[in-house]
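With the hints as your guide, set chain B onto chain A.
Read top to bottom, the protein sequences are chains A and B.
Per this note's numbering, the first sequence starts with residue 8, numbered consecutively.
Per this note's numbering, the second sequence starts with residue 2, numbered consecutively.
Since the hints were made in silico from the structure, they are not lab data.
A portion of the hints provided could be inaccurate.
Simulated restraints on C-beta separations [stated by the list, open to error]:
{"#": "1", "chain 1": "A", "residue 1": "ARG44", "chain 2": "B", "residue 2": "ASN102", "range": "44 to 50 Å"}
{"#": "2", "chain 1": "A", "residue 1": "ALA19", "chain 2": "B", "residue 2": "SER14", "range": "39 to 45 Å"}
{"#": "3", "chain 1": "A", "residue 1": "TRP60", "chain 2": "B", "residue 2": "ALA106", "range": "29 to 35 Å"}
Simulated coverage check for chain B against chain A, where a stretch passes if three residues somewhere in it have a Cβ under 8 Å from a Cβ of chain A [to be verified]:
{"#": "4", "stretch": "68 to 74"}
{"#": "5", "stretch": "120 to 129"}
A few chain A positions that, by computed beta-carbon distances, are all more than 10 Å from chain B [stated by the list, open to error]:
{"#": "6", "residue": "LEU43"}
{"#": "7", "residue": "GLN67"}
{"#": "8", "residue": "ASP82"}
{"#": "9", "residue": "ARG127"}
For every residue, glycine included, the Cβ atom is placed at its ideal position computed from N, Cα and C.
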Amino acid sequence: MSSSNGLTDSHATALKPGIAAPDFRLPSTPDQSVSLREFRGRPVVLVFYPADWSPVCGDQTTLYNELLPEFHRFDAEVLGISVDGAWCHLAFAHDRKLRFPLLADFEPKGAVAREYGVYRSQDGFCERALFVIDSEGVIRWSYVSPVGVNPGADGILSALESLAPAAKAMEQ
Amino acid sequence: MTTNSSMLTLPVSDRDHVQGSATALVTLVEYGDYECPYCGRAYPIVEELRRITGDKLRFVFRNFPLTQIHEHAEIAAESAEAAAAQDRFWEMHHALFTHQNALDAAHLVQYAKRLGLDAALFSRALGEHTFRRRVHEDFLSGARSGVNGTPTFFINGMRHDGPFDLSTLSDAIERAAGSGKMSGERTKISEDDRERLDSKAKEN
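Only chain A is shown next, with the shape it has when bound in the complex (with noise of 0.2 Å):
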């Protein structure tokens, strides 16, 4: 993985809060596809980021696993995006013992990534980046984490707290 220097183009590209998310229909599974469309109506986190297998406890999608309860409290669905093929998810995700999708940006490679924004075509792989979108399909909050540092779920918690009322009413 390219060394972070914090700043990357992508800062400037990434898909700005108040624009419509894109749709895209991506494999889940080697046999399944989801699309953006389907979840309608619930907030989705979506998380672009490089590569399966970063080490075991630093892993942003180890972070995200232990925080689902947390998430769906806001009734928000996660979605994790690489160019990793689905095979390469699946294993992965077994690993884990993820209980989220993984979404494979893998043909043609980084297309999704590309239309968001951000995609780092001189590695071949996506940023660590993160939308919430939320029940209309709207972005409401983004950001790109220097690729080499994961950034973590606190601006996710507070982008889908200021979603409320609705993510209000669900914490009841």
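For chain B alone, kept in the frame of chain A given last:
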């Protein structure tokens, strides 16, 4: 490699397990998981940091169990809290990090007995998950503060991104203490110390 976005949202208070003086120049907060091998590697490093920085450093440990990948992380965290209820938090903390491969309930009760705890009280706390809520509070405060894996350190409230080897952490602590406020001599690590700890970290 630093970002300025993530800061400790739950200030250090009476609820915390603290080593060192409240007037220390620097507060190091660790969010950790007793079954995490990286936290296990960090343990002797933190001990050494405390030794070389003396009263300049206050250390706080909070729970961040990754229960989906570590089968015993939750019960281990609850056992540390159960020990804390009997004023033996740090002793149990040490026992857990030095026995990361034996964290099932039977072993935890053994450690409690060895530390002279009331074993019946301790076992009941584990069985009834008396401290589950407390552990979860720690976990959520970490998630809200940008904890992104274990261990995650905060130095004077700012998330420390990057490696947690002895020299990186001690440099960061020294910077936080501010030039002139902290004696360079005291925090300077000898080559011997560094090699010893680095090889220890590798063994883990």
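Hints versus structure:
Checking the proposed 44 to 50 Å range against A/ARG44 and B/ASN102 shows it holds: the Cβ atoms sit about 47 Å from each other. Distance hint check for A/ALA19 and B/SER14: the Cβ-Cβ separation is about 41 Å, which falls inside the suggested range of 39 to 45 Å. Taken as a hint, the range 29 to 35 Å holds for the pair A/TRP60 and B/ALA106, whose Cβ atoms sit roughly 32 Å apart. Check result for the stretch 68 to 74 of chain B against chain A: holds, 3 residues qualifying (beta carbon to beta carbon below 8 Å, three or more required).
For the stretch 120 to 129 of chain B, the stated coverage by chain A is not satisfied: 0 residues place a CB nearer than 8 Å to a CB of that chain, which falls below the threshold of 3. For A/LEU43, the shortest C-beta to C-beta distance to chain B comes to about 25 Å, beyond the 10 Å cut-off, and the non-interface label holds. With a least CB separation of 7 Å from chain B, A/GLN67 falls inside the 10 Å interface cut-off, contrary to its annotation. Listed as a non-interface residue, A/ASP82 keeps its Cβ farther than 10 Å from every Cβ of chain B; the least gap is roughly 18 Å.
Even its closest Cβ contact with chain B, about 17 Å, leaves A/ARG127 beyond 10 Å, as expected for a residue assigned away from the interface.
Checked against the numbered hints listed earlier, the structure breaks hints 5, 7; every other hint is satisfied.
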